[in-house]
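Residue numbers (the numbering used here), protein chains in the order written: chain Y, 1 to 251; chain E, 1 to 499.
Calculated directly from the structure, the hints in this document are not laboratory data.
Do not take every clue at face value.
[Unchecked claim] Partial chain Y-side listing against chain E, Cβ under 7 Å, derived: (1) Gly12; (2) Tyr15; (3) Glu23; (4) Ile27; (5) Ser130; (6) Asn145; (7) Val147; (8) His222.
As the structure is a computational prediction, the values presented were derived from the model and not from experiment.
Glycine included, C-beta positions come from ideal geometry on N, C-alpha and C.
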Amino acid sequence: MSSNFKIMWHQGKQYIPDVTTAEVPGIFRGRPIISRTKVDEHQLMELCPTKAISSHPVCIDLGKCTFCGECAVQFPEKISFTKEYQLSSNEREGLIVKEGENHPITLNPDLIREEIHRLFGRSLKLRQVSAGGDGSCELELNATNNVNFDMSRFGIDFVASPRHADGLVITGPITVNMAESLERCYNAIPHPKIIILAGVDAISGGIFADSSALNREFLEKHRVDLYVPGNPVHPLTFINGVLSLLKKGGR
Amino acid sequence: MDISIHNNEATALSAIPELAYNAFMDYNLDLMSNKPERHCVLYFGYKTGENVKLFCCIADDETHQIHISSSLVFSATVLPSFTAINHNFENFERELHENFGLSYSDHPWLKPMRYAFDRFDKSQTIENYPFLKSESEELHEVGVGPIHAGIIEPGHFRFICNGEQIMHLEIQFGYQHRGIEQLFLQKTKLLERTTLAENISGDSTVGHTTAFVNLWESLCSYVPDYSLNYARTLAQELERIAIHTGDLSGISTDIGYQLGNSVYGRLRTPIINFMQEWGGNRLAKGLIRAGKMNYPFTETLAIRLEEIIKAFEPDFEEITDKLFNLPSTLSRMEKTGVVNYDQVLEMGTVGTTARMSGLKRDIRTSHPYNLYGSSIVHEPIMKHHGDVYSRAQLRREEIRQSIGYVNELLQNVPLFDKPKNIVMTPGSGMFVLSLVEGWRGEICHAAITDHFGNLLVYKIKDPSHHNWMALAQAVQNNEISDFPICNKSFNLSYSGHDL
């Protein structure tokens with residue numbers, strides 16, 4: 001028994017006290033900044049593996065971006081990535097970063113359904129479904145509840161049964177073979193319920209967007225409440241996104 | 001009559017002998033007969049008109065050679081199967097049957113493999129998988145999935161049980177199928193293909209991307225310098241440490257050992273956070289690139305990594321000492337989910353799923369690549385009981401071994417060139433094969449180019465392709481409540497299987 005205490009003592013303090021302000025180590029690629037410097041825009045667009053970059057003005061769509069950083073390596077005078085991990089938005093357009101702009105990505109408070117804060121503000125149970133996800137977003141969503149990130153301190157948990165859940169977290173580009181199971185899982189969640197798309201594959205299909213093995217009809221039928229970019233999503237991106245959604249007025 | 005190549009060696013397609021099917025079959029089965037050091041790393045085909053061109057690649061772990069042979073068959077002919085004689089080929093022939101409609105007269109288990117979108121018979125759908133049925137009134141069936149209780153990938157498990165005891169497990173795949181191999185042909189830019197390789201299986205990003213870039217460089221006759229090989233080797237060993245540590249956390253969870261779950265879980269964090277310090281991503285996406293490193297490994301990073309490993313070791317040893325000495329955890333691991341040597345040999349498992357039962361399969365030794373065989377002389381760690389305990393012990397000891405390799409590598413950090421874009425042009429009419437020992441086992445990628453140098457086929461094999469059957473065997477006669485710990489102790493990939 002005493003050796004158990006010793007082991008615990010040796011771990012020291014592992015949890016991140018403030019998940020909204022903690023600094024991530026190293027060179028994390030978070031919210032990009034696009035300068036007004038003139039570059040060969042065609043070349044820049046051609047570079048991106050997932051067509052996340054568009055021109056006039058130059059924009060990066062974080063819903064398509066794999067955060068590989070190649071554009072920042074090739075065009076350092078044009079594009080740089082900050083370490084800001086607050087990347088989530090509740091509208092698809094909110095994920096588009098424009099040339100010359102430099103402000104945090106936030107949720108649009110007018111679009112947050114009124115009952116979300118009232119019903120889920122202090123307790124949110126989520127059912128996660130991987131629909132063609134490669135396992136990386138799944139690893140990171142598991143990490144949200146390890147001793148470092150400890151998301152359940154905010155009353156946010158992943159549960160096994162959709163019957164116990166208030167919402168659905170989808171990872172992966174949604175394959176033809178998972179489409180029906182996903183729909184059935186969603187239907188099994190009692191109303192009112194939310195949908196969160198986690199990771200580039202879920203938001204836009206990512207590198208798989210042109211694949212014939214996908215069936216993304218689910219997203220045409222149902223309203224998405226939160227988009228969480230990343231490849232995979234960083235645990236802090238996910239936690240901050242969900243916390244913003246639950247707060248009164250989205251902040 | 002045959003041609004043999006080494007790992008990452010490109011050869012002219014025309015140099016590969018084309019045999020009549022019966023001779024092709026005899027040749028490959030003879031190669032493998034009573035030779036545990038030989039195993040099939042890839043058996044695949046592609047369609048040319050009404051015919052299917054087959055390629056069989058048998059690796060010899062002692063001579064370090066890979067024997068390649070081919071055959072052209074008319075797709076409507078009924079063929080004798082390799083599988084009837086050697087079970088190593090079971091999944092490969094199921095795949096050929098599903099993709100091209102090849103029929104076999106004596107394949108014992110010709111069921112759908114993954115319901116690929118471009119499969120031959122579209123009337124086969126994932127809702128109607130032909131599970132083995134039991135007519136007995138005493139036995140019952142338990143269906144689990146595709147959506148599981150935790151945050152993991154989808155797959156369906158169908159158990160036939162006698163009370164609590166599992167008599168039979170059949171695993172159905174395909175839910176994760178994203179058509180990756182087809183996308184490799186569809187997308188022609190190098191960065192697109194590298195990104196695809198990174199997304200084959202998210203826990204083996206380094207393994208699969210290394211297999212791809214090694215293959216691509218060989219196909220383009222580009223020789224990577226020491227620094228590129230160094231970065232790839234280092235990243236592979238770090239990935240092994242991280243995922244093995246996470247697996248020990250998962251095994252602890254499934255035992256119900258909370259302390260092990262928390263401590264191993266948090267020990268994984270500094271390793272993957274270091275990946276982020278190095279390449280900006282915790283799971284190393286964006287790190288490995290053909291012909292360059294966007295994020296060079298510097299002396300400063302080397303000092304950081306040394307500190308991290310130094311802090312990791314005592315805490316790892318402390319909890320490991322506990323986990324492997326507690327009677328309550330040992331009783332859950334020992335003699336649970338046993339697969340013996342004869343079984344793994346028959347199934348042709350690879351990586352940790354072979355080494356747990358005394359079958360020596362490790363590409364780092366048998367078909368060396370990157371810095372293996374030169375700077376790092378690797379001797380695989382072997383276990384012999386094939387139970388959860390052996391699989392946990394393997395992880396414990398492989399973590400220690402990888403730490404040794406990382407420390408060795410840190411003694412000599414090379415200088416990295418600034419990343420520059422090199423134009424790489426694939427050779428025309430080539431065949432190339434790349435093997436990598438990921439943390440899970442042997443990863444194999446192969447490519448064939450046409451006479452313009454365009455990709456004609458890109459074939460991917462994750463070790464899970466061979467190893468899932470071992471899980472199905474392991475749980476037989478175990479209690480169904482021990483399924484989670486058995487499953488976690490293998491930790492196989494769904495997306496790597498479904499592609």
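Are Gly12(Y) and chain E close enough, Cβ to Cβ, to be under 7 Å, as the hint says? violated (9 Å)
Hint status (Cβ of His222(Y) to nearest Cβ of chain E, threshold 7 Å): Since the shortest Cβ distance to chain E is 17 Å, the answer is violated.
Hold the hint about Tyr15(Y) up to the distance rule: shortest CB distance to chain E must be less than 7 Å. With Cβ-Cβ at 9 Å, over 7 Å, it is violated.
Hinted contact Val147(Y) with chain E - closest CB pair below 7 Å: holds (5 Å)
Hint validation: Ile27(Y) versus chain E, beta carbon distance must be below 7 Å. Holds or violated? Because about 5 Å separates Ile27(Y) from the closest Cβ in chain E, which is inside the 7 Å limit, the hint holds.
Regarding the hint that Asn145(Y) lies at the interface with chain E, is the smallest CB-CB distance below 7 Å? This interface hint is violated because 9 Å lies over the 7 Å limit.
Does the closest beta carbon of chain E sit nearer than 7 Å to the beta carbon of Ser130(Y)? holds (5 Å)
Could you check if Glu23(Y) really has its C-beta closer than 7 Å to a C-beta on chain E? violated (12 Å)
Figure legend: structure checked against the earlier numbered hints; hints not met, in rising order: 1, 2, 3, 6, 8.
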